[in-house]
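Chain R is already provided as a structure; the job is to place chain B on it using the hints.
Here are the chains, one letter per residue:
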Amino acid sequence: MADPGQIIHLSALSAGLLPLMFLLPAALIIFFATRKKRGKDRTDAPDWSIPTIDAEADRTSLFHRWDPAAKAASLIIYCFLIASLKSLTCSAIALAVSILAVFLAGIPWRGALRRLAAMSGFLVMFLVVMPFSASTRPGETLLIFPLLENLPFHLHGLILALTIVCKACAIALLMEPMLGTAPLSSTLQGFARLGIPGPIMQMILLSHRYIFVFQQEILRMHRSMRVRGFTARTDLATMRTMGNFFGMLFISSFDRTQKVYEAMLCRGYQGSYPTFERPVTTAGDVTKGLLCAIIGVLLVVLDRLFFSLPI
Amino acid sequence: MHLINSQYHEDIEVQGDDLLFAVEHLFFTYPDGGEALRDISLTVRRGDRIALVGKNGSGKSTLARHLNGLLPAQRGSLSYQGEPADANVLAAMRRDIGILFQDPDNHLFCNSLYEDVAFGPMNQGLGREEVESLVHGCLEAVGLRQLMYKPAHLLSYGQKKRAAFASLLAMRPEVLILDEPTANLDPRQEQIFKELLADFSGTLIIIDHDLLFLYDICERAIVLADGRVHHDYSFRDLVSQQHALREHGLDFTFRFSCCGEDHHHHEPASHRHYHHSHEHGDNALHAPLPDPQTPVLELQHYSFRYPDMSSGVTDVNLIVNTGETIALVGENGAGKSTLAGCLLGLNRGEGYFFHKGREVDQKYRRSLWRQVGMVFQNSADQLFCPSCLEEVAFGPRQMQLPAAEVKMRVDEALDSVRLSGYEQRVPLNMSGGERKRLAIAAALSMRPEVLILDEPTASLDPESQELLLEILERLQMTRILITHDMFFIRSLSSRTIVMHQGRIIRDYPTLEFLADEHLQAINGLDYTYKNHCLEEIRDLQHIGRHHAHFPHLLPHSHPPRTAD
Chain R
159 MADPGQIIHL SALSAGLLPL MFLLPAALII FFATRKKRGK DRTDAPDWSI PTIDAEADRT
219 SLFHRWDPAA KAASLIIYCF LIASLKSLTC SAIALAVSIL AVFLAGIPWR GALRRLAAMS
279 GFLVMFLVVM PFSASTRPGE TLLIFPLLEN LPFHLHGLIL ALTIVCKACA IALLMEPMLG
339 TAPLSSTLQG FARLGIPGPI MQMILLSHRY IFVFQQEILR MHRSMRVRGF TARTDLATMR
399 TMGNFFGMLF ISSFDRTQKV YEAMLCRGYQ GSYPTFERPV TTAGDVTKGL LCAIIGVLLV
459 VLDRLFFSLP I
Chain B
15 MHLINSQYHE DIEVQGDDLL FAVEHLFFTY PDGGEALRDI SLTVRRGDRI ALVGKNGSGK
75 STLARHLNGL LPAQRGSLSY QGEPADANVL AAMRRDIGIL FQDPDNHLFC NSLYEDVAFG
135 PMNQGLGREE VESLVHGCLE AVGLRQLMYK PAHLLSYGQK KRAAFASLLA MRPEVLILDE
195 PTANLDPRQE QIFKELLADF SGTLIIIDHD LLFLYDICER AIVLADGRVH HDYSFRDLVS
255 QQHALREHGL DFTFRFSCCG EDHHHHEPAS HRHYHHSHEH GDNALHAPLP DPQTPVLELQ
315 HYSFRYPDMS SGVTDVNLIV NTGETIALVG ENGAGKSTLA GCLLGLNRGE GYFFHKGREV
375 DQKYRRSLWR QVGMVFQNSA DQLFCPSCLE EVAFGPRQMQ LPAAEVKMRV DEALDSVRLS
435 GYEQRVPLNM SGGERKRLAI AAALSMRPEV LILDEPTASL DPESQELLLE ILERLQMTRI
495 LITHDMFFIR SLSSRTIVMH QGRIIRDYPT LEFLADEHLQ AINGLDYTYK NHCLEEIRDL
555 QHIGRHHAHF PHLLPHSHPP RTAD
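Those protein sequence lines, which keep their order, are chains R and B. Take any residue in the first sequence, note its place counting from 1, add 158, and you have its number in this note's numbering. Take any residue in the second sequence, note its place counting from 1, add 14, and you have its number in this note's numbering.
Hints may contain errors.
[Claimed, not checked] If you want the ones that stay clear, here's a sample from chain B, every Cβ over 10 Å from chain R, calculated:
no., residue
1, R60
2, P98
3, N102
4, N120
5, D395
6, S430
7, R432
8, G446
9, L483
10, Q490
[Unchecked claim] Pair by pair, the computed Cβ-Cβ distance ranges are:
no., chain 1, residue 1, chain 2, residue 2, range
11, R, F190, B, K377, 28 to 36 Å
12, B, P321, R, I362, 25 to 33 Å
13, B, R142, R, M361, 23 to 31 Å
14, B, F268, R, T389, 38 to 46 Å
15, R, T415, B, R89, 24 to 32 Å
Just so you know, these hints were derived from the structure itself, not from any lab. Values in this document were obtained by computation on a predicted structure and should not be read as measured data. Note that CB positions come from ideal geometry on N, CA and C, so glycine has one too.
Extracted from the complex, chain R is given alone in its bound form:
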């Protein structure tokens, strides 16, 4: 074990405040993402006579006017560049850029926050575990919590964890401008133009539709089990019941896939989804892509030349 530069013994108060600093943002994200309108009925039914995506978004945002294929290609490359960052400073800048992108896309923050909330448990684990499990570096500062003298808190581990969290959040936030600014079918057509096989795109499209149907089937079956007194336990009877449950679900799903396929055949399906869109990638789309790539490359250059510390 290398010799640390400085060892700080924390008081009970500061030991309590430090974790709170990191847990509070996660808690706030979860709170705002899952917050319900309390105290009144939902009467503001959306207007379903206009396309869903455009109903909630700024139709003139630069992400909406971006060709889905060019948008997907550019943002995926940009995401890989972010993933390659090593410094906390550049990762934080990338996170700021992603937040700006969500603002520019003009789409509701609720979706983005829910995406972050879904990841928060995993990311909080990083923040908790890495500082305690990182190896000691020469000259680094160690914090000693009361009652945890044998488990020093490495600041280097914390910085590493924060870097990962920033990069993860930056990439997750970019999914909103990438996937939420065009109908799913258009986005998937864009992916198909990038060379991803058509059948995979169709499977994603069908999965997106039928995941809700299966979810409702599962809920109905589970309700019927509950009204007959079923409670999941860790015993053989529960395993047998769950086996029957999933078996029945599989059979009904298999049956449904056959019927859906037949319904598609009856409506003229010949292996691909029909479309009128003949998308053309314009100079503007390429410019946006280049701008995106330049920001990504700039971040990597800054990261490597000025901010990068050996890990």
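Chain B alone, transformed into the frame defined by chain R:
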């Protein structure tokens, strides 16, 4: 039993252009060896409006899949517009002939109604403007234009059915084949379908058990039994011959007691309209009940909202007394099933909930399943065990009863629904009627104080419905019946509760409900629109019986159709 192979057009000189389908000696066997069709021969002309009827499992859906081009002829022949059905013709059939499956979710495979309805016309190679106009027109016709971009999973069941129908109409089919188009729909949605079908000018083939729905729509009836055509004659001939109906499990004449002088009056059980005029004490708490009988279930000011904060039921006041049978009616989406979920303890809302005078708190709610049983609308949601015995024993086993007690209850429950001897049968392979009875047995084996039945007659053939009625009449327990079936309401219930937009708007004796002329104005449901069909059919059967006794008086009331 007699077999007839398509005699409907026997005396008609069918011109080539007029002939749509010609089926000759068609056989079909499924990979598991089950023979679905046996020596089917029939012809279908342009403009025919056919009711394809028969018991569950008689081969109706398999024949429909042949006529639609989904299944090729294994043995025998099938021609469409004079052309033998080879691969190209089968593809053309699938394009020209619209088929509506029972479950609308199978039709709606895109992410919005617009995409779903546009899918067919776009595959037909139509231009953007034409597709646009078709989509708008068809969604307008089924009353869903304002929901054009709504994802299918957010639609109600009735809306899904209509959306699926719009997706067929958009392909401008020459022939429509509909499999149980009105199953689980409320009378208003049924009426919408009826009007849509009346406007359809092409050939129509409808598979349905509801002969009253078909009465005004279909002119011809093809009766299948065991994969064979047993009758092929005019629809009026079918409904006027009670013995033929009974032979094929289609005899719905037990329903005649619904609208004529035959009905037997039930005296309403004593109850109070507690929720309309209940009082509050000085401290704003509820006044004690004046009636010495404690209700088995009671809701006071009970409201439930879904997780998305949309309202499920609002300010419901309901008393369910021991031993009474209550019919719960209302349009699709009125909150009937949600209210049932509240009574089962599945939906936790705000307000007061009592079981036999004891407030149902969070802990007590978890054990409410021992007192309140439920038979769900779709048996497939309820049956998941590999055998009937396992299925019926599931509940008692959850109650931790001794093995001997479980066996005794299983035998008793299966016997009460006339499924003794079915212990080792696989529920999945049973008919719709048998599965429904099994679901009831699964609930009965737990001996609940209250049994809630959600649309018990949906998708059942009349024979199964009649049997179900007998079984339900014998049950000695408090029953709550969620249904649109007027006959079952009249026969079984003494009290009717009408729901509308999540609220109870009526709670009165069933006889008052049956006579309530103002109800339609409130929730748009006309529960009596089939009565005139029943009356006409009864008259037809009466004439048929009269002519059977006096054959020399028989007029040629249904001459065979002549070719145009």
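Inset, instruction - Determine which of the earlier numbered hints do not hold for this structure and return their numbers in increasing order. - result: 4 and 5
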